[in-house]
Structures are given as C-alpha cells and as structure tokens.
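Since the structure of chain A is already known, use the hints to place chain B on it.
The chain contents come next:
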Amino acid sequence: MFVNWAVQEVNLKIVYYGPGLSGKTTNLEHIYQKIDPSLRGDLITLKTREERTLYFDFLQLEVGRIKGMKPKFNLYTIPGQVYYAYSRKIILRGVDGIVFVADSQADRLTENLDSLMDLEQNLIDEGKTLEEFPWVLQYNKRDVPRVLSVAELNRKLNFNAVPTIEAVASKGKGVLETLKLAIQGVVNHTQKVI
Amino acid sequence: MQVAERISQPFMLSTATFNKISDIMRELVVSTRSDFAMFCDVNGNPITHFGKNVTLELSGLAALAAGDFAATREIARVIGEKEGFKFIFQEGERRNIYLCNVGFNFLLIIIFDKAVALGLIRIFANKTVDNLKQVLETAVEAEDKTSEFLDDEFGILLGKELDKSFNL
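Chains as they are written, first to last, in the working numbering: chain A, 1 to 194; chain B, 1001 to 1168.
No incorrect hints appear here.
Chain B is faced by these chain A residues, among others (derived, beta-carbon under 8 Å):
1. 2
2. 13
3. 35
4. 36
5. 69
6. 184
7. 188
In short, the hints are calculated from the structure, not lab data.
All C-beta atoms in this analysis are idealised placements derived from N, C-alpha and C, irrespective of residue type, glycine included.
Just chain A, with the same shape it has in the complex:
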C-alpha cells in the first residue's frame, strides 16, 4: 500500500496469479470492458506474438473519494508459463492482495498446484506467507466439460480456507465479484495489521 498524503491517494496493488491459460488476462479484459471509462485507465498488455502474456498486464481502477481519500487499485497479471519465473517475482513486489485464478478442469490440477507452490515461495521471498496474506481463489472455467467439483477443488487447493468464488471469465461471470472480494480482503487485512 502506498499512501500519498499530499494528494490524498491510497494505492493498492492486486496481482492475478495462476497457471498459464487459466484466464487471468480474460479477467482484466472483462473488468476493462465493464467499468466506466472515467474510472479506469487503459489496459496495458505485454504479449508474445502468440497472444500469451509475456511480462504483465496492467489496469488501474479508481472509485470516488471515501473519507477524503481516493482509493486507486493497480491490477496486474503475471505470465503463467513456468519459464517466466523472474517476471512473476518482479510483479509481486509491493503486492497487497492476490486473486489466484485456478483452472477448474480436472486435468489442470497439477498446474494449479504447481502455480500455488510457486506463489507461496515467491511470497516467502517477499517476507510474506499465504497463511497471513489476503488472497482469494477464483475457480474459473466452470462452463467447460470435465471440471472438478467445488468441494474437490476446495480439498485440493484451498488449504488456507480463503474466500472462493466460481467464475466463467470469458462470459464475465464472477469476475467483478472476485475483484470486490479481493479488495475487501485487502482492506480487512490492512485494518488488522495497522
């Protein structure tokens, strides 16, 4: 969190984490399309020629002043592919909250777990832990065949009992609800630690 008292701004950084092709960029694209342009900046994407995220996507949102302060939310995605490990570490610097976008398909469970372990290690390197950090789990792609049940996903991935939400990001279902959940998690966490 970065508070600039001179201009009365509170900046919060939320990172969308998860394995490759789980729908992180699709989440941001939907937010970009749905939010009033006066409340958001441009969606910045650094993609490969194959339309895969190379470095990060970035989108800033803001809402009206609350108690004199203007909250600004800096949303980033990470590149999910295994070999972009360094990019993920860089983007996590100064993170305030995480949305972990899990792919609900049964054959993607290993990738979800690997990405979650990668996140945990990167947070530890930042002096944080998944146990004490505000994050939410989005179970994405609920509309495709052969998905695991929410109960099964909870057993396999949600060992910290964090808030979860079902989503179909390609159709916008659950996307804004996920972001609201993540923002409120960050605010609640910050209230506890200050």
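Relative to the frame of chain A, chain B by itself:
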C-alpha cells in the same frame, strides 16, 4: 524510518517530502526544457510529475517504466554487471525517454524533444538524482495515520462504491 531505506508496508509519503520532490522535478524540466519528468517508485506507483501532458496514462507509464527497469537490471545481472546499468535511453522519432534509478527504491523518468541533447539530460539527471537522494535521506515517512481513515466505516463505504462502480 528514513524514506530512502524503505520500502516498508504500508508506505506513507508526507506532504512536505512530496512538495520538495515536486520542486526538484519542476527545476529539472525547466532547466533542460524537457517535455515531462516523473518520479515514481520501483513498484510502479507514480509519485509526482511535472511538464506537458505527454500522456493521460501516468499510472501505465510508471508501471511500464518500473517493469522495463526491473528487466534491464536482470539483463545486467545475467551478463555480470553487478551494479546494474546507470540509465535506460530510448530514441523515438519525435521524443526520447531517459530512465534512471534513484537509490534502490525509486525511478526518474524524463521525456524530452529530439532537439534536446542527451548529454544535457544526463548532466541534469545526475544532479537531480543527487538532490532527490538528499531529500529522501533526510525525510522520514509521514506519521502513519492510516488507521484514522481505514476503519470499519471505510470498508462499508468502499463496498458501496465498488457495488456502484461494478453495477453489482
């Protein structure tokens, strides 16, 4: 805690420090006749800027500059440049951009017309970095008054604002 040694979480920037940094940025732009200069942190948070409206995407510019600088620092590491590179310079058709770090935690971005000599920018950028470091070394973080606004009421009001903005 001194600002130069941060980054603590959360990070508070006092109005006095903000004003001093803003004055330095103004002086840099006027002295070099640059189009624009921005001071931001390595996490991509814009702190203050001065000059022409080269973009409305100030947050995007800061995020991209921070990413660019982080990637370049890693390139330096890969080829054995332990101290990293001193600056990044990109030449455009009409405008050039110069990026350099201010200590470990902050960045300076200067956008200037092609007619302005790079040497001039380098001299003034170095001077500006020294001045900024001096301000940051003597500044302390603003008193943490976060708890004065970030209370339960803030959480409820924020929830309402988000519902309104997201049409939930």
